[in-house]
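Enquirer: Below are the chains, spelled out letter by letter.
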Amino acid sequence: MSVASFQHIAEIEKSPGYWAGVMRRFRRDPVAMIALFVVLALILMAVFAPLVAPADPYRASMLRRLRPIGTEGFPLGTDELGRDMLSRLIHGGRLSLLMGVTPVFIAFFIGSAIGITAGYVGGKVNSVLMRTVDVFFAFPSVLLAIALSGALGAGIFNGLLSLTVVFIPPIARIAESVTTAVRRIEYVEAARASGASSFTIVRVHVLGNVIGPVFVYATGLISVSLILASGLSFLGLGVKPPEPEWGLMLNTLRNAIYVQPWVAALPGLMIFITSISFNLLSDGLRSAMDIKS
Amino acid sequence: MTIESAALLQVNDLTKHFPLSGGFFGRSAGVVRAVDSISFEVAPGETLGIVGESGCGKSTTARLLVNLIEPDSGQVILEGKRVGADMSVRDMRRHMQMVFQDSYASLNPRLTMEDSIAFGPNVNGMARQKALALAHDLLFRVGLEPRRFAGRYPHELSGGQRQRVNIARALAFSPKIVILDEAVSALDKSVEAQVLNLLADLKKELALTYIFISHDLNVVRHMSDRVMVMYLGQVAEIGPVDSLYSSPAHPYTRALLAAMPSMDPDKRTMEAPLAGDPPNPINPPPGCRFHTRCKFAQDVCAKEQPVLHILPHAGHMAACHAHIPHSGHSGLEARA
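Going line by line, the protein sequences match chains D and U.
Sequential numbering of the first sequence, starting at 40, is according to the working numbering.
Sequential numbering of the second sequence, starting at 3, is according to the working numbering.
Next up, chain D with everything else stripped away, as it sits in the complex:
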């Protein structure tokens, strides 16, 4: 057979790629766009916290404790030690987002690697990997996070570590089931019939079709991670005072719930807005990635 009589490779009509289509569909989804906007705004707020915050989040004063929302100079009031709530909420986003995103991000790589290996190799390797994962999966995630943090001791790093361990099993689960399904599709069989190595088949044919759904699932976990992280701090296992962090602020302000309920609820409101934004973002991604829609 003659090879290469058509060498006008540059001239072919390129379809817009898969991700270009995803972007187009995502942009048409108003809810997802608002969620994306809120998430970006929260991230920018956290990154540039020292520039955005009107006051020093650590400066306490016994003279101006628990001022209500709308007090002059303190638009969102003050906390139980007289610190500016607005500044503390803005600075609190740094640790809260870090605790929400980092464990999921790390667990995404480790969990995907475990799940794809188990799903593609199958057989005994699958059984050993997935049953090990199941052992961790058997614990309720909150209890596992608390138990691990408790055993490792309080602190940001230990909190991140225990949350990462909590999120590896569900991500590995999803990656394994998607990979098992993809492995049986004929294009993978055709690739095997072409003599490609397992590594090449996973890289070219499996990864691209598995990582999308797993990524969507992982973005949904960010809100869970955020809430768990806040929970750890609330219990005194994550961030330690006087660091501003939403979960910890919720904890220390709970005594003031009858005095200044609106101020005491603010950190919870931030957790709520952030987690629902990540959830809606994940939903938008999911529908934008569905080719047939």
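Because the hints were derived from the structure by calculation, they are not lab data.
Below, a list of computed lysine to aspartate or glutamate pairs in the DMTMM-like style, where the Cα atoms sit at most 20 Å apart:
| # | chain 1 | residue 1 | chain 2 | residue 2 |
| --- | --- | --- | --- | --- |
| 1 | U | K178 | U | E43 |
| 2 | U | K205 | U | E81 |
| 3 | D | K53 | U | D117 |
| 4 | U | K178 | U | D88 |
| 5 | D | K163 | D | D173 |
| 6 | U | K83 | U | E43 |
| 7 | U | K191 | U | D203 |
| 8 | D | K163 | U | E72 |
| 9 | D | K53 | U | E147 |
| 10 | D | K53 | U | E158 |
| 11 | D | K279 | D | D95 |
| 12 | U | K178 | U | E81 |
| 13 | U | K178 | U | D93 |
| 14 | U | K178 | U | E48 |
| 15 | U | K132 | D | E52 |
For this one, chain D is given, so just place chain U on it according to the hints.
Expert: Just chain U now, kept in the frame of chain D:
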């Protein structure tokens, strides 16, 4: 060691039993006898049709031939070289490629057509630019203009166009044998005809040999030089297409042909020629596997397994006691 034979492909006693694993510790709860000791030959340049009901082992046979499934026993001999001994599986696959039934599932949704076709040559050491140029050439050969189709994704093509791409991908290795596993079964009739014509043209131009698997007896008759009829993982009958269609020897083949829709109102099928489903391949009946549904069955059929027996017509063989002299069967015509 090479085996002297005129056949391009020779299959000896190919067997695959799928274990039914029961529970966590992999206790074997029996086996599915998907393909049970089948043998056949394919001559260079011919088309061998394989027909049979769903679950008779047609697709398993195809996957065994290209080693997508590891056979339990038996030999696949390509050009006199035993695959796995005298020839590596990888080398064999360069000579023997496969086209699957589901045109959509056969193509990676994230790859463009040119990338899908170029993947095989690329992983076998061809430079990317050269592989892409080859892909464009192949697209042209299967009737798809490269400039329009090379950069497209599977969901932008019709079923017929996708199947043309799958054929192009199979041809990327310049194979000697192409296995078409129900390759046109999912297409509209008009599109099916176009793809069949394309296959016929390609066969002539590239001197290909086809193994054509289908449940559509009309299409198999149109495409094949020889036909093999399978029943429950075994060969029931094999022979030249004219002789097999005009004088089918095995009662199962007769029943299949009688079930064929006819254009002639006088030849309308009045009753179902075969009753019931095929028996469970986990516990196939002893003796002849067809005897539970065969209206010519006699005592011997339930006791002894018939072997392929050479019939008077050249190259025509059937595994039926009625045609084996002194088998204890009184013959088909006695009762029919």
